[in-house]
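Asks: Sequence:
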Amino acid sequence: MAKTRGYKRIENRAVRTVRRIFKSIFSAVAGFFRAVIAGAGRKITIMLVPHSQKKVINIQASVFSISLFVLLLTGIFSAFFIYSRRVITSERTLASLEQEITETRASLDRLKDETGSLLNAARNFQTSFSETLSLVGIDTASEEDSVRSGDLSSFFDIRQTSRGELPEAADLQRISSFLEDSVQPIEEIGKLLNSRDALFSDIPSLWPIQGGIGHISQMFGQNRHVFSKQWYIHKGIDLSTYRSGDPVLATADGQIVMVDYDPGFGNYVIIRHKHGFYTRYAHLLSQRVKRGEHVEQGQVIGYIGNTGISTGPHLHYEIHIGSEVVDPIKYLNIRDTSYKNQ
1 MAKTRGYKRI ENRAVRTVRR IFKSIFSAVA GFFRAVIAGA GRKITIMLVP
51 HSQKKVINIQ ASVFSISLFV LLLTGIFSAF FIYSRRVITS ERTLASLEQE
101 ITETRASLDR LKDETGSLLN AARNFQTSFS ETLSLVGIDT ASEEDSVRSG
151 DLSSFFDIRQ TSRGELPEAA DLQRISSFLE DSVQPIEEIG KLLNSRDALF
201 SDIPSLWPIQ GGIGHISQMF GQNRHVFSKQ WYIHKGIDLS TYRSGDPVLA
251 TADGQIVMVD YDPGFGNYVI IRHKHGFYTR YAHLLSQRVK RGEHVEQGQV
301 IGYIGNTGIS TGPHLHYEIH IGSEVVDPIK YLNIRDTSYK NQ
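Once you know that position 1 of the sequence shown is 1 in UniProt numbering, the rest is easy, because the numbers rise by one and skip nothing.
Any given hint might turn out to be false.
SDA-like cross-link-like pairs, simulated, lysine to any residue; straight-line CA separation at most 20 Å [unchecked claim]: (1) 235 / 245; (2) 330 / 213; (3) 330 / 233; (4) 43 / 65; (5) 290 / 229; (6) 43 / 23; (7) 274 / 253; (8) 290 / 256; (9) 235 / 331; (10) 229 / 100; (11) 112 / 170; (12) 23 / 13; (13) 8 / 27; (14) 330 / 267; (15) 330 / 290; (16) 330 / 174; (17) 274 / 291; (18) 235 / 308; (19) 112 / 43; (20) 229 / 218; (21) 112 / 129; (22) 274 / 216; (23) 235 / 211; (24) 290 / 310.
The set of hints was computed from the structure by calculation and includes no laboratory data.
Please read all numbers here as calculations on a predicted model, not as lab measurements.
Generate coordinates for the entire structure from the input sequences, incorporating the hints supplied.
Replies: And the structure:
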């Protein structure tokens with residue numbers, strides 16, 4: 001019981017202490033607001049004293065009114081400052097946009113100029129391309145019938161573009177379409193060129209002396225023999241450089257079928273080519289190939305000499321088609337100084 005009463009007394013004292021604390025806080029807050037209200041209601045006299053002899057002006061206002069006026073004035077100046085900052089930022093943004101627009105217009109003008117130059121180049125290309133296709137035998141009539149796809153004439157037609165679309169963009173689209181359509185004819189031209197190169201490498205058309213040097217000392221056909229002085233048919237041509245040792249080249253791709261010595265021809269080489277061609281190279285100083293070997297056009301097969309029945313260093317060169325002998329001059333109308341091997 002005694003302990004219960006002791007706990008009860010402690011509890012009562014704690015409650016009374018908390019009440020006093022809250023009462024003190026409430027009294028302080030209430031006193032603060034009473035003082036503020038009393039101060040706000042206090043009158044202040046503002047005297048305006050002119051420098052002249054005019055009457056002094058007295059203005060009376062409460063502290064609350066003055067505080068409200070100062071607060072309102074501060075708000076007005078703050079709003080004006082914020083608005084001014086925004087106006088300055090907007091003006092800078094507009095100036096930047098105007099600069100970008102000016103640069104964009106300049107870029108568009110340059111694009112128009114470049115497009116015009118491209119148009120001129122495209123016209124020249126179209127003319128040359130059409131002439132080239134005609135030369136190589138590629139027919140473009142079907143392309144012209146089908147809305148002239150692949151032909152720049154459709155590109156140069158005046159077409160109305162949709163609203164907001166640059167006419168240069170439509171022009172570039174037409175050029176792109178033309179270039180795409182030109183891919184197949186160009187591939188065909190490439191195939192023709194490859195087949196032509198392959199054909200030329202199979203036909204004995206290369207000058208048989210390296211570097212394209214030498215001259216014809218005796219032509220094909222009826223000639224007088226240098227020893228017997230009798231007329232006879234010379235089955236090839238004689239090429240001379242006035243010296244021994246100049247490299248002799250295979251005039252076309254082929255296979256070596258004969259590497260031998262003959263009392264008349266001396267050291268000689270015979271090559272079998274495609275399409276029934278054979279070539280003979282005689283009076284060689286020495287041979288550089290073996291029978292059965294495959295050689296390429298321009299490959300060195302021997303060297304000019306004076307072996308066999310000969311009056312001086314020279315190359316006797318023959319071309320046969322099957323069993324018929326032909327004039328090599330018909331195939332050696334161009335002196336090609338290129339060669340593959342030395």
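Asks: If a hint holds in the structure, say so; if it does not, say that too.
Replies: For each hint, the structure was consulted:
no.: 1; hint: 235 / 245; verdict: violated (24 Å)
no.: 2; hint: 330 / 213; verdict: holds (18 Å)
no.: 3; hint: 330 / 233; verdict: holds (17 Å)
no.: 4; hint: 43 / 65; verdict: holds (10 Å)
no.: 5; hint: 290 / 229; verdict: violated (36 Å)
no.: 6; hint: 43 / 23; verdict: violated (32 Å)
no.: 7; hint: 274 / 253; verdict: holds (8 Å)
no.: 8; hint: 290 / 256; verdict: holds (7 Å)
no.: 9; hint: 235 / 331; verdict: holds (15 Å)
no.: 10; hint: 229 / 100; verdict: violated (94 Å)
no.: 11; hint: 112 / 170; verdict: holds (12 Å)
no.: 12; hint: 23 / 13; verdict: holds (15 Å)
no.: 13; hint: 8 / 27; verdict: violated (29 Å)
no.: 14; hint: 330 / 267; verdict: violated (25 Å)
no.: 15; hint: 330 / 290; verdict: violated (28 Å)
no.: 16; hint: 330 / 174; verdict: violated (48 Å)
no.: 17; hint: 274 / 291; verdict: holds (17 Å)
no.: 18; hint: 235 / 308; verdict: holds (16 Å)
no.: 19; hint: 112 / 43; verdict: violated (78 Å)
no.: 20; hint: 229 / 218; verdict: holds (14 Å)
no.: 21; hint: 112 / 129; verdict: violated (25 Å)
no.: 22; hint: 274 / 216; verdict: violated (26 Å)
no.: 23; hint: 235 / 211; verdict: violated (24 Å)
no.: 24; hint: 290 / 310; verdict: violated (24 Å)
Violated hints, listed in ascending order, are 1, 5, 6, 10, 13, 14, 15, 16, 19, 21, 22, 23 and 24; each of the other numbered hints is respected by the structure.
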